[in-house]
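Visitor: Below are the chains, spelled out letter by letter.
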Amino acid sequence: EETLSAVHAFPETLIYTKSFLSFVEKVNEAGKGVVQIDVRGGPEAIGMFQQPDAVRDGIVDMVYTPGSFYGGALPEKDAMVASNLTAVETRENGGIALIDEIHQEKMGLKYLGWFDSGVCYNLWTRNEPTFDADGNLEVEGLKLRGNNVYNAFFTNYLGAQVIDLPTGEVYSALQRGVVDATGWTQIGLIDLKWNEFLNYRIEPCFFSTDLGVIVNNEKWNSLSDEARTILQDVAIQHEKDSVMALRTKRDEDFAALDEAGMTVVSLEGEAKANYLAAARETTWARMKEVMSGQPGGADNYDRLIELFYDLEAAK
Amino acid sequence: MATISGLTLVWIMLSVVLSVVMRNLGLQPFAWLFTSAEYGLLYMTMLGAPWLVREKGHVHIELLTAALPDAPRHLLSRGVAAICVLVCALLAWKGLELVMTNIERGDFDTRAYYYPRWLLTIAFPLSFGLMAVEFSRFVFGQELMHSGEAGIHE
Amino acid sequence: MEWYEALALLLGTIMFLMAVGMPIALAFLAANIVGAWVFMGGERGVTQLLNNGLGSLTKYALMPIPLFLLMGEIFFHTGLGGRMFTAIDKLLGRLAGRLSYVTVLGGTAFSTLSGSSMGSTALLGSLMVPEMSRRGYKSHMSIGPILGTGGLAIIIPPSALAVLLATLAQIDVAALLIAGVVPGLILAGFYIATIWLQTRIDPTAAPAYDVERMSFPAKLGLLLREVVPMVSVMIIIIALMIRGFVTPSEAAAFGALGVLILAALFRCLTWKAMKKSVIGALRVTIMAYLIVFGSATFSQLLAFSGASRGLVNWAISFDLAPLAMLLVMFAVLLLLGMFMEQISIMLLTVPIFFPLAHTLGFDPVWFALIMLLSLEISFTTPPFGLLLFVMKGVAPAGTTMREIYTSAFPFIFCSLLLVTLLIAFPQIALWLPSL
Ligand code: NA
Ligand code: NA
Numbered sequence: 001e002e003t004l005s006a007v008h009a010f011p012e013t014l015i016y017t018k019s020f021l022s023f024v025e026k027v028n029e030a031g032k033g034v035v036q037i038d039v040r041g042g043p044e045a046i047g048m049f050q051q052p053d054a055v056r057d058g059i060v061d062m063v064y065t066p067g068s069f070y071g072g073a074l075p076e077k078d079a080m081v082a083s084n085l086t087a088v089e090t091r092e093n094g095g096i097a098l099i100d101e102i103h104q105e106k107m108g109l110k111y112l113g114w115f116d117s118g119v120c121y122n123l124w125t126r127n128e129p130t131f132d133a134d135g136n137l138e139v140e141g142l143k144l145r146g147n148n149v150y151n152a153f154f155t156n157y158l159g160a161q162v163i164d165l166p167t168g169e170v171y172s173a174l175q176r177g178v179v180d181a182t183g184w185t186q187i188g189l190i191d192l193k194w195n196e197f198l199n200y201r202i203e204p205c206f207f208s209t210d211l212g213v214i215v216n217n218e219k220w221n222s223l224s225d226e227a228r229t230i231l232q233d234v235a236i237q238h239e240k241d242s243v244m245a246l247r248t249k250r251d252e253d254f255a256a257l258d259e260a261g262m263t264v265v266s267l268e269g270e271a272k273a274n275y276l277a278a279a280r281e282t283t284w285a286r287m288k289e290v291m292s293g294q295p296g297g298a299d300n301y302d303r304l305i306e307l308f309y310d311l312e313a314a315k
Numbered sequence: 316m317a318t319i320s321g322l323t324l325v326w327i328m329l330s331v332v333l334s335v336v337m338r339n340l341g342l343q344p345f346a347w348l349f350t351s352a353e354y355g356l357l358y359m360t361m362l363g364a365p366w367l368v369r370e371k372g373h374v375h376i377e378l379l380t381a382a383l384p385d386a387p388r389h390l391l392s393r394g395v396a397a398i399c400v401l402v403c404a405l406l407a408w409k410g411l412e413l414v415m416t417n418i419e420r421g422d423f424d425t426r427a428y429y430y431p432r433w434l435l436t437i438a439f440p441l442s443f444g445l446m447a448v449e450f451s452r453f454v455f456g457q458e459l460m461h462s463g464e465a466g467i468h469e
Numbered sequence: 470m471e472w473y474e475a476l477a478l479l480l481g482t483i484m485f486l487m488a489v490g491m492p493i494a495l496a497f498l499a500a501n502i503v504g505a506w507v508f509m510g511g512e513r514g515v516t517q518l519l520n521n522g523l524g525s526l527t528k529y530a531l532m533p534i535p536l537f538l539l540m541g542e543i544f545f546h547t548g549l550g551g552r553m554f555t556a557i558d559k560l561l562g563r564l565a566g567r568l569s570y571v572t573v574l575g576g577t578a579f580s581t582l583s584g585s586s587m588g589s590t591a592l593l594g595s596l597m598v599p600e601m602s603r604r605g606y607k608s609h610m611s612i613g614p615i616l617g618t619g620g621l622a623i624i625i626p627p628s629a630l631a632v633l634l635a636t637l638a639q640i641d642v643a644a645l646l647i648a649g650v651v652p653g654l655i656l657a658g659f660y661i662a663t664i665w666l667q668t669r670i671d672p673t674a675a676p677a678y679d680v681e682r683m684s685f686p687a688k689l690g691l692l693l694r695e696v697v698p699m700v701s702v703m704i705i706i707i708a709l710m711i712r713g714f715v716t717p718s719e720a721a722a723f724g725a726l727g728v729l730i731l732a733a734l735f736r737c738l739t740w741k742a743m744k745k746s747v748i749g750a751l752r753v754t755i756m757a758y759l760i761v762f763g764s765a766t767f768s769q770l771l772a773f774s775g776a777s778r779g780l781v782n783w784a785i786s787f788d789l790a791p792l793a794m795l796l797v798m799f800a801v802l803l804l805l806g807m808f809m810e811q812i813s814i815m816l817l818t819v820p821i822f823f824p825l826a827h828t829l830g831f832d833p834v835w836f837a838l839i840m841l842l843s844l845e846i847s848f849t850t851p852p853f854g855l856l857l858f859v860m861k862g863v864a865p866a867g868t869t870m871r872e873i874y875t876s877a878f879p880f881i882f883c884s885l886l887l888v889t890l891l892i893a894f895p896q897i898a899l900w901l902p903s904l
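Protein chains in written order, with this note's numbering: chain C, 1 to 315; chain P, 316 to 469; chain G, 470 to 904.
These are calculated hints, taken from the structure and not from any lab test. All figures in this text were calculated on a predicted structure; none of them were measured in a lab. Cβ atoms here follow ideal geometry from the backbone N, Cα and C, with glycine treated the same way. Some clues are possibly wrong.
[Stated by the list, open to error] Selected chain P positions facing chain G (in silico; Cβ < 7 Å):
#1 L324
#2 M328
#3 V332
#4 V336
#5 N339
#6 H375
#7 T380
#8 A382
#9 A386
#10 M415
#11 I418
#12 R420
#13 V448
Just need the whole structure built from these sequences, with the hints factored in.
Guide: In structure tokens, the structure reads:
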């Protein structure tokens, strides 16, 4: 029996971690006598931002983390950030295979699966958002909390006044009015209790979560064929399962927020198309820029965009 | 280096004040103000640490050293300093390796900007290397790291 | 390796190295090298240790500490502090141990705005301890209350740690914050009682010098001239935070700036004082941060090796009555708190303790408050409580660790007393949020 050690980027209580732990459970069930995953913990075991290096260096065999935590080494993760598809379609069309290939090449990592996909981001505000004559969102005077995932979009397109804050400081910043708007995934707002201060959700949603399982390549190659098959099969199944599970969770969260008085405001028509276009294009531009500075350059750029974005669906 | 460390502290204060003032004037604070303050914490600590070794500012507990007679105490004190030299030398060496890896991999720190990681990690070989030198003064030099008084003082 | 072997190896190494007199930060680093070698696969574990250090130091949350220190040092070195305390001395008249009371009251007020106990200890320590020892206070009269009130910062709202705990444990943030108010005030009351007792038991602990009697207008003038300006700096910072102009982390920078401006107005801002202040702030910061550098990885090694989780699971595996179970959890938190960093402890124990607390029928808010108190206590518990080392850094030269330990004890006892009261009368915590 072979064992892989694993850590996860977020605290154990977070929904995404629970999803990963259910994947581990499935592997340990299917892999009895062949392969087991030994979870060593979360950010308390290895720091959140040190985990990608730790799996690269073989200190731990497997990590569950957003690609954005190692975006400096692998700018191609922005293809997933900007994506409007889920792991199900991109597994089928070869998108994930390409991402796996890039991981092997650039970081010596096996990209096992893109979990919890299909969850996108909204802008959430305290005060009722206002629109200009053309229906575009007015951001003047909005104190928007950002981080490096969204800033390419927020600053370059929206021209918003972005205040960088770690997630842990957002609650008290909202409470004191240091910020009055933030981007966040569709789910999780209630867990963070930010809905105590935020009253409006702006549609459409943009971006996608980019959480995935990466495995040290040496370890991966040392596994028996049987073990690799089990891991890969269970991962592909979990890619599907997690999309469904999180959709259910999103609907529950939205219903709970609705009931608590969250108002939904939507951009329409051209304004909506421009908003979505800006979200993906500013992010792609960033991806291209960083890719160009690395060995291999922007060779994969066009293919990534083709595989991870469905332009028809955005209309 | 202690001077740079001190100036970094002043810079941290200024950068925080500046970014808050800009924000409240309705301007977009430069993201590098925020990031430079975070990086500043690392540079300030690492660059100042060797100076603090010389000043005997790294706190230690004098329990055993206070109970021992002079001769064994001197031996123990130099021995402890020697372990410190070893620890620092090892970290300096591994730090240098880390810098090389960062350069080779082209690692970036991705907060607000893509900042070359080696510019941060270079602080390790510098700091621990010099700390090793400073600690070796307490191994071979006249002065001892432990006074032998503290624990029985009062 | 079994969890208890891992635990014994890690704790044994660190305790041995500290006992032989190795600087604390270096002892952590050395123990980390041993641990990284054993649990993280040899040499590359050491590289991981450095990467961890990089991560733990470049955190915005650490920002307030050097800045509060700078604020306190400028206050002291420009002589502003001396003037203010002389004035307070005269105003308070003959009350024995008056500056200790001032420390508790000021510290409690300050705690309400700062969520960082290291920041509070840094500020109060550098503001008060040098002045008080110059005035002949025995060290425990200044160090003890400051260590106590530094810990108050995490239970009296706003408290970043409380918000994080509530988020992790999925309980009502507002309820937990409000629940901290009454216990916080009771604790401050205990501190005042402790000082009163200490001055009664040992009248020489606080200087008994006589102060000239002053007329009321003279007192008023003194108050306006010497005390009000400094107090208004503090009030302005609080106002800035309440109005949302600055976050608590940023407030420290404005505090330092405010004292600088004040010193310039009073014409006591010299280059020499500036330089001394920067050096003073730097000394403590670097010393404390290098310990943070080492202890962050040590915490992670305890978690990664399975030692701390093993301990937690073992402790709760006994089938005990609820109260006994609570005490077991409290003891585990205290033990971990001696070696681990607070946030790591919460990440590790929340997923295990809160479901257990639920099955035992505990109120989650009440339990969270007890958890915060245990973290606060372990922050000042010898031999490794980080606040003790911060205090060692700001205390006058020649202050020994033993003095700091003995100063801390009465105040730790106060916290334990509060925990006992909370267990006996949960309403102390739960009454206010229930309104
Ligand atoms: Na507080
Ligand atoms: Na501690």
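Visitor: With reference to the structure, classify each hint as holding or not holding.
Guide: Hints, one by one, checked against the model:
1. L324: holds (6 Å)
2. M328: Given a least distance of 5 Å, the restraint on P/M328 holds.
3. V332: holds (5 Å)
4. V336: violated (9 Å)
5. N339: holds (5 Å)
6. H375: For P/H375, the interface hint holds, since the closest Cβ of chain G sits about 4 Å away, which is under 7 Å.
7. T380: Holds, because the Cβ-Cβ distance from P/T380 to chain G comes to roughly 5 Å (cut-off 7 Å).
8. A382: The hint is violated - P/A382 has no Cβ within 7 Å of chain G, the shortest such distance being about 11 Å.
9. A386: Interface hint status for P/A386: violated (16 Å vs cutoff 7 Å).
10. M415: violated (11 Å)
11. I418: violated (14 Å)
12. R420: Result: violated, 12 Å to nearest chain G Cβ.
13. V448: violated (14 Å)
Violated hints for the displayed structure, listed by number in ascending order: 4, 8, 9, 10, 11, 12, 13.
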